[in-house]
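Residue-level listing of the chains:
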Amino acid sequence: MAAPTTTTAGGEILLSARGVTKSYAGADGELPVLAGIDLDVRDGEVVALLGKSGCGKSTLLRCLAGLIPVSSGTVSYRDKPLTGTNPGTAMVFQTFALLPWLTVRQNVELGLAARGVPPRERAEAALKAIDLIGLDGFESAFPKELSGGMRQRVGFARALVVEPDVLMMDEPFSALDVLTAENLRGELMELWESGQFPTRAIVLVTHNIEEAVLMADRVVVLGTHPGTLRAAFPVPLERPRDRNAAAFQELIDTLYQTMTGRPKDTLRPPGRGPAYPEAGDTRRTIATVPLPRASVDGLSGLAEILVQHDGRSDLADLADDLGLEIDDLLPLVDALEALGMALVEDNDLLLTPRGLGFANADVQQSKKIFAEAAWEVPLVRLIATSLRRSADGVLRDGFFRDLLAHHYTSEQVAQQLETATDWGRYAELYEYDAGPRVFARAGV
Amino acid sequence: MSWPRSAAGRGARPVRAADRLTRLNWVDLVVAAAVLVGLYVVLRVGRGTAVSFTPSRTVTVSTDPANLPYYAARSLLRMFAALAASTVFSLLYAYTAAHSRRLQRILIPALDILQSVPVLGFLTVAVTGFVALFPGSLLGLECAAIFAIFTSQAWNMTFGFYQSLITLPRELDEVSRSLRCTRWMRFWRIELPSGAIGLVWNGMMSFGGGWFFLVASEQISVSHHKYALPGVGSYAGSAIAEGDLGKVGWAVLTMTVMVVAVNFLFWRPLTAWVERFKNEQAEATEVQRSVVLDLLRRSYWPRLLGRVLAPPARALARACRVFGVDDRPLAVRPVRRRAGDLAFGTVATSLVCWGLVDLGRYFRQRTGLGVFGEPLLLGLATLARVLIVLAVATLVWVPIGVRIGFSPRLSRLAQPLVQILASFPANFLFPLATWFFLRTGLSLNIGGILLMALGAQWYILFNTIAGAMAIPTDLREAMDDLGVRGWQRWRRLIIPGIFPAYVTGGITASGGAWNASIVSEVVTFGGTALTATGLGAYIAHATADGDYPHLLAGVAVMSLYVVALNRLLWRRLYRLAETRYSMG
Ligand SMILES: Nc1ncnc2c1ncn2[C@@H]1O[C@H](COP(=O)(O)OP(=O)(O)OP(=O)(O)O)[C@@H](O)[C@H]1O
Ligand SMILES: [Mg+2]
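Residue numbers (this note's numbering), protein chains in the order written: chain A, 1 to 444; chain B, 1 to 584.
Fair warning: there could be bad hints in the mix.
Claimed, not checked - Reference listing, derived: stretches of chain B covered by chain A, where coverage requires no fewer than 3 residues with Cβ under 8 Å from a Cβ of chain A: (1) 171 to 178; (2) 268 to 279; (3) 323 to 334; (4) 411 to 418.
Everything labelled a hint here was simulated from the structure, so no lab data went into it.
We treat Cβ as the ideally placed atom computed from N, Cα and C, and that holds for glycine.
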């Protein structure tokens, strides 16, 4: 594992995070979403933050931008600890976040107006930025008249016109279609290379591995629950980068492995029936087995596709074939794993016998297999057994919320229960009534 | 088409209110007490000054129909002055509440309670107070009338704008802070535009409700003094006093023209214009249209206005830089924060306690606390009337509303009509109804229900239509395919579909009925007065007699009833609507 703070560029440190922890309220105190993050961003480099959905990438970016406070540790800009919004950064958002009631030019001028730049200079600077980013001709258009790609250009121009030291981008291309994203990415990097770029460094949040390797000088991988820096990889490739180069592919493979890889001790020998030790094992609890955001439909779809690949397929190829990004695939992979239906082995996803049976069975049969598998999932099992024990077979969801709140933030609790509800319903282990918000034993 | 949206605009507030109402904590109680104290203070000031008040000019309102255009203009001026006041108040109050953690804890529950106070009960206090402020001129009466209309508009608009402030999309907040916008820019460029649609729609609805208070406040008698302002309401009042139905007819006609004209010339263009502030990235398919706005857009005036207003706007923006940059300190020292909270809490609580003690003394000296007994009992009679109004309006208007909502042709026809019916001040028709009661000998105990329903029922119809229109056509077609008809169709599709909108209408109707009881339980026509048994009549009598302890007790008890009904009935229905019956 490379030291997280190594860097290819030797420039001056612009942003630095030291021991940054960010927690949100849980039942017994704070639950960490980020833990012990050390990160430097230097003059002249493009840093990509890569990680699974929900691992805390956006949270880290906002801590660096001074938009949310850290729970402990410090973030400094040019050696000065932040006390408010970071004065040296500007943000580009996934959803563009343009003001629909302002024209393109007014949107771009916003940051300048905030600094009290007089109207004439403001207009000049805005037009220059609009020109630079390829928006000329659209100055007086309203955002809703523009295509997604053009809107994001406005987002870039708005951030660049204030000439921040560090440009912060939170998944700036993920709301765009593939071709538009590719084009915009290319133009942006050309601009960066040309030296006309008005910022000194870029921090890019993404869950797209290829995007990270295409753009960054350094890729930092975040682990999940809580988010820690798992590894950092320098990208010593010349720009513009060739996707087909061996070194490029190699790096992508390594990153895939880092993102999907688990700590050694949870790897299991392949082919064993139930993927996990018998229930009752102390390590399998609602805290250690978080339910991924995956519906039964989604995970059974993946299982069926795997059957078509003879039960085994390379993860990257699978994602490519399906036209999915790894972020869309990983929750389903995690779900199949948690249910003991599939395993990840050397970047390959392979079905277990149970998974094969599940994918090949008819509806009733597959429900039965799923019920068996779901019974081994701690949260589903907890709900089902609690309902069996309760006198009338009915329990308020608040009961489980409270239990989960010891290990998850409020947002995560909601997601855990959502998945557990979906799985338990399909397995016919219990029902959920959203009106009074109660779980009920099946048949009650 | 404007219905679904207007329903949504109205819906926004009570959802939130219901949310907040789920926790009755000490703050609510303290604030309730504070509001009571505040009203009491106003009342004492008003009472003290009233003694020396003698109207220097007695105003006579001529009933010559030729005067009606002038009177209409005066009335309109009052309405728009109140609207302006409500808008400014809403912006300031909501902004303060949304941006100050401490004040929010007081301001928002206070708003909730103020909303439940029957405005008409305090008209008399407002009159004496304002008249004392401007002795010897009509300005005092004018202000009192504007104030009455204001109180009927402001709370709703404030809630709406507060709501939009605290639900500002997270990215917009981050854009503002990451670009280091000034506070003024955040307000002017981001917060106000994103709340504009709600503000305009709420304003339009509240304005519609305001006509009722205009009519009620133009002519009022306090402590056996009769005050009148030139206006359509007082014209109608005089015509009634003369018992001249023809002139009442002229007044009704003028009123109708006014309501329609304001809608056509002001609200429709405004709602169409405000579409530009939609926070939607795609081109909308259904747009508000207004002939007047199209006309204006084609003219030179908007550009000229823009050019004239640009320099002052820039100067304002520059001047407002003093309010600083939109930034939040990342670290707040907990000790300081706690100390601040403690100081704030202590000051607020001791002020309220001091007021409560004084209030208790006031009651003890005058009447004793037993004064609350009678209104509590009378409240039951009025409560029964309110519930009957709601039940009957539901049974009658829900089927009709669904019918209209399901037919695009019917709803196009009915839309402007119902909008006008909902804004038309029902108390304008009271004399006709009274005349009818006198002729038939119907007791006001029953007739009062009819009077209360005259205004309140439309809200139920209006919202039911909106709810029915929002039910997707494919759902209805699916039901047709499956052959689901009759009661099953109601149970499975219609009731769940219209429920959230219906509850919104129900809350408004219930509030309207309570307020109307004050003017519906005592009515006169040509010198004959009819009285019903109820809390509304109790308040009306206390007003006429200038009997302040009884007035205060009556208003407090009515507020209590309104709050209780909200919490016990509407809050629960809202929860149900939110969890079970929300579409999409
Ligand atoms: N305000 C909050 N309160 C509670 N939990 C939160 C809050 N904000 C984020 N979280 C949780 O913190 C975790 C990290 O969130 P974050 O948005 O940073 O993830 P991310 O890596 O950007 O994910 P995505 O790829 O979905 O954007 C998530 O599990 C989320 O549920
Ligand atoms: Mg994110």
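query = Which of the listed hints are broken here?
reply = 4
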